[in-house]
Amino acid sequence: MKLQELHILIAEDDIDDAEIIEASFARHSSFTNVDIVKNGKELLDYLGNKIPDVILTDINMPILNGIEALTAIHENENLRNIPAFVYSTTINPSYEARCKELGTKGFLIKPFQLDEFYEIPNRILYILGLDQ
Amino acid sequence: MKEHEKNTEALQSEIEELKGQLFEANSIIDAIREGAVDALVLNVGGKAEVYSMESADYTYRILIEKFGEGALSISDDGLILYCNEYFANMIGLAPTLIIGTYFDTYFEAPEEFNATKDALKKGPSKRELVLNYGGKKVSVYVSLTDLNPTVAAIGVVVTDLTEKKSHEEALVSYQKELEKKVDELHQTNTNLEQFIHVISHDLKEPLRKILTYTSHLNANKVDAFAEDVLKSLNVINSSALRLNSLVDDLVKYAFSAAKDEENDVDLNKVLVEVLDDLELSIKENTALIVIEKLPEISGSKIQMRQLFSNLISNAIKYSKRDVKPEIKITAEIADGAEIQATGKNYYKICIIDNGIGMDSMHLSKIFTIFQRLHMRDEYSGNGIGLAICKKIMDNHQGKINVESKLENGSIFNLYFPIK
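Chains X and L supply the protein sequences, listed in that same order.
All residue numbers for the first sequence refer to the numbering used here, where the first residue is 429 and numbers rise by one.
All residue numbers for the second sequence refer to the numbering used here, where the first residue is 38 and numbers rise by one.
Please keep in mind that the hints were generated in silico from the structure rather than gathered at the bench.
A hint or two may mislead.
Label pairs and their calculated CB-CB ranges [as the list claims (entries may be wrong)]:
| no. | chain 1 | residue 1 | chain 2 | residue 2 | range |
| --- | --- | --- | --- | --- | --- |
| 1 | X | TYR554 | L | GLU264 | 57 to 63 Å |
| 2 | X | SER522 | L | ALA152 | 57 to 63 Å |
| 3 | L | ASP220 | X | LYS528 | 28 to 34 Å |
| 4 | X | LYS528 | L | ILE455 | 17 to 23 Å |
| 5 | X | ASN477 | L | GLU264 | 49 to 55 Å |
| 6 | L | ASN305 | X | ILE519 | 25 to 31 Å |
| 7 | L | ILE339 | X | ARG526 | 16 to 22 Å |
| 8 | L | LYS442 | X | SER522 | 41 to 47 Å |
Below are the DSS-like pairs computed for lysine-lysine, each with C-alpha atoms no more than 25 Å apart in a straight line [said to hold, decoys possible]:
| no. | chain 1 | residue 1 | chain 2 | residue 2 |
| --- | --- | --- | --- | --- |
| 9 | X | LYS528 | L | LYS289 |
| 10 | L | LYS361 | L | LYS320 |
| 11 | L | LYS427 | L | LYS385 |
| 12 | L | LYS201 | L | LYS213 |
| 13 | L | LYS246 | X | LYS466 |
| 14 | L | LYS246 | L | LYS268 |
| 15 | L | LYS442 | L | LYS385 |
| 16 | X | LYS528 | L | LYS338 |
| 17 | L | LYS402 | L | LYS354 |
Since the model is a prediction, treat every value here as computed from it, not as a measurement.
Even for Gly, the Cβ is constructed at its ideal location relative to N, Cα and C.
Turn these sequences into a full structure, and let the hints guide you.
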């Protein structure tokens with residue numbers, strides 16, 4: 429994985445949050461390709477065609493939620509090695525435990541401050557060990 | 038002459054035979070007179086007929102007759118020689134119709150009765166069996182005693198198990214009902230937890246957005262706003278923050294109401310963890326905390342942490358402005374009479390502080406949710422902490438109360454039942 433040209437796929441159903449999180453990655457120099465889908469189903473459909481470097485998904489989404497999507501990804505040998513991150517407004521301990529079982533790299537809380545949103549790409553790079 | 042002799046011989050042998058018969062008849066009469074015979078079984082036209090007689094021993098006869106269990110005597114091959122009224126009522130026939138019939142014909146499974154009878158060779162034999170006469174089934178306990186050689190008969194006691202069986206059945210059905218209720222309760226609990234998660238998430242989502250966007254406005258558009266607009270923004274921001282902390286506290290309160298798994302919890306260890314969590318606040322306020330040796334209780338560790346964390350942070354928060362907070366935690370065994378539970382023993386744990394105390398008129402309401410005794414700008418908080426403590430003590434079949442005087446510190450008493 430090259431530090432400079434990362435491709436991230438984000439699943440987020442909330443239009444406002446999608447706008448902010450997309451902007452957070454778009455303004456970051458390490459991510460050159462930022463794609464947004466609206467739910468777990470679209471996430472899986474996307475992965476049928478293209479493989480991103482990183483996945484970031486919300487949990488509470490319609491049709492197929494984040495946990496369901498991560499479960500399907502985990503069951504697919506071609507997809508399970510893509511580093512996946514979860515972010516949500518609240519931490520539900522049972523969801524967090526389930527995410528760990530599914531090999532999720534990180535569980536992030538959606539921030540209250542705009543500045544903290546802009547820090548999310550750095551947090552992800554840090555967890556992946558790509559921050560020099 | 039020879040003919041004559043022959044006649045004499047025949048007559049004499051006839052006399053001998055008649056003598057023998059007379060002796061037999063006399064001994065039977067003697068036996069009857071002595072009460073050694075209860076009944077006679079005669080073979081009349083190839084069919085057994087039983088003739089019973091009044092026994093000499095009237096008291097025993099009456100006892101058996103009026104006995105509150107079925108009582109019978111049967112011959113070794115199972116013919117009923119006698120039965121009392123109680124047994125006759127169980128079958129629904131007159132005793133005279135029962136006597137002279139075979140006992141095994143009254144059982145649902147005659148072979149089971151016969152096996153029980155055969156077991157008599159090894160001593161008294163007992164078994165649970167089912168009577169079935171004309172489709173009327175009765176569960177009974179049959180107890181057999183071999184009366185040989187004193188009397189050539191078997192004594193039988195038949196105990197009606199109908200009532201016992203119906204009690205057993207009732208117990209089983211209560212048990213099932215109870216299990217069903219427990220399952221329902223578990224389900225309700227799970228649903229409630231899910232509900233709390235959903236509520237907290239869905240309430241916080243719009244709140245978070247309000248905060249994100251007001252912080253964005255505050256940070257980037259300061260120059261563009263007039264002072265009163267900025268002030269309004271700040272009010273929106275602080276209100277949203279407060280609502281957010283309320284949602285957090287409500288979730289905590291709702292979870293404290295949920296029953297957690299019960300384990301042995303060493304309160305000494307719990308306190309070490311709690312003091313660790315509160316380290317910063319203890320240092321900032323230079324609080325002195327003295328803890329005696331505490332007992333082990335049975336309960337939820339998570340809830341114990343929450344309980345002591347709330348009480349100690351309260352004690353630090355409501356300290357006097359110019360006096361260092363001193364908190365002492367003691368433990369003793371107390372009689373339940375202190376909390377109107379006479380006859381039970383409790384671990385009584387006291388959290389004693391030297392803080393601002395409370396007016397006695399407020400003491401009764403401090404454990405109610407959302408009750409606050411201070412203005413928000415004096416002491417922060419949502420008025421949930423002590424309500425959570427009370428819920429936790431309720432969960433542990435315990436009790437919490439408070440002794441306090443304004444300006445004179447407070448003592449919070451916790452009572453845990455000793456199991």
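Right, here's what the structure says about each hint:
1. X:TYR554 with L:GLU264: 57 to 63 Å: Because 40 Å falls outside the window, the suggested range is violated.
2. X:SER522 with L:ALA152: 57 to 63 Å: For ALA152 (chain L) against SER522 (chain X), whose Cβ atoms are near 58 Å apart, the range 57 to 63 Å holds.
3. L:ASP220 with X:LYS528: 28 to 34 Å: holds, 29 Å
4. X:LYS528 with L:ILE455: 17 to 23 Å: violated, 39 Å
5. X:ASN477 with L:GLU264: 49 to 55 Å: holds, 54 Å
6. L:ASN305 with X:ILE519: 25 to 31 Å: Hint holds: Cβ distance 30 Å, inside 25 to 31 Å.
7. L:ILE339 with X:ARG526: 16 to 22 Å: holds, 20 Å
8. L:LYS442 with X:SER522: 41 to 47 Å: holds, 46 Å
9. X:LYS528 with L:LYS289: holds, 24 Å
10. L:LYS361 with L:LYS320: holds, 11 Å
11. L:LYS427 with L:LYS385: Distance ~15 Å between LYS427 (chain L) and LYS385 (chain L) Cα, so the pair holds.
12. L:LYS201 with L:LYS213: holds, 18 Å
13. L:LYS246 with X:LYS466: holds, 18 Å
14. L:LYS246 with L:LYS268: Given that 25 Å is the threshold and the Cα spacing comes to 19 Å, the pair holds.
15. L:LYS442 with L:LYS385: holds, 21 Å
16. X:LYS528 with L:LYS338: holds, 24 Å
17. L:LYS402 with L:LYS354: With a Cα-Cα distance of about 19 Å, the restraint between LYS402 (chain L) and LYS354 (chain L) holds, given a limit of 25 Å.
Hint compliance for this structure: hints 1, 4 are not met, and every other hint is.
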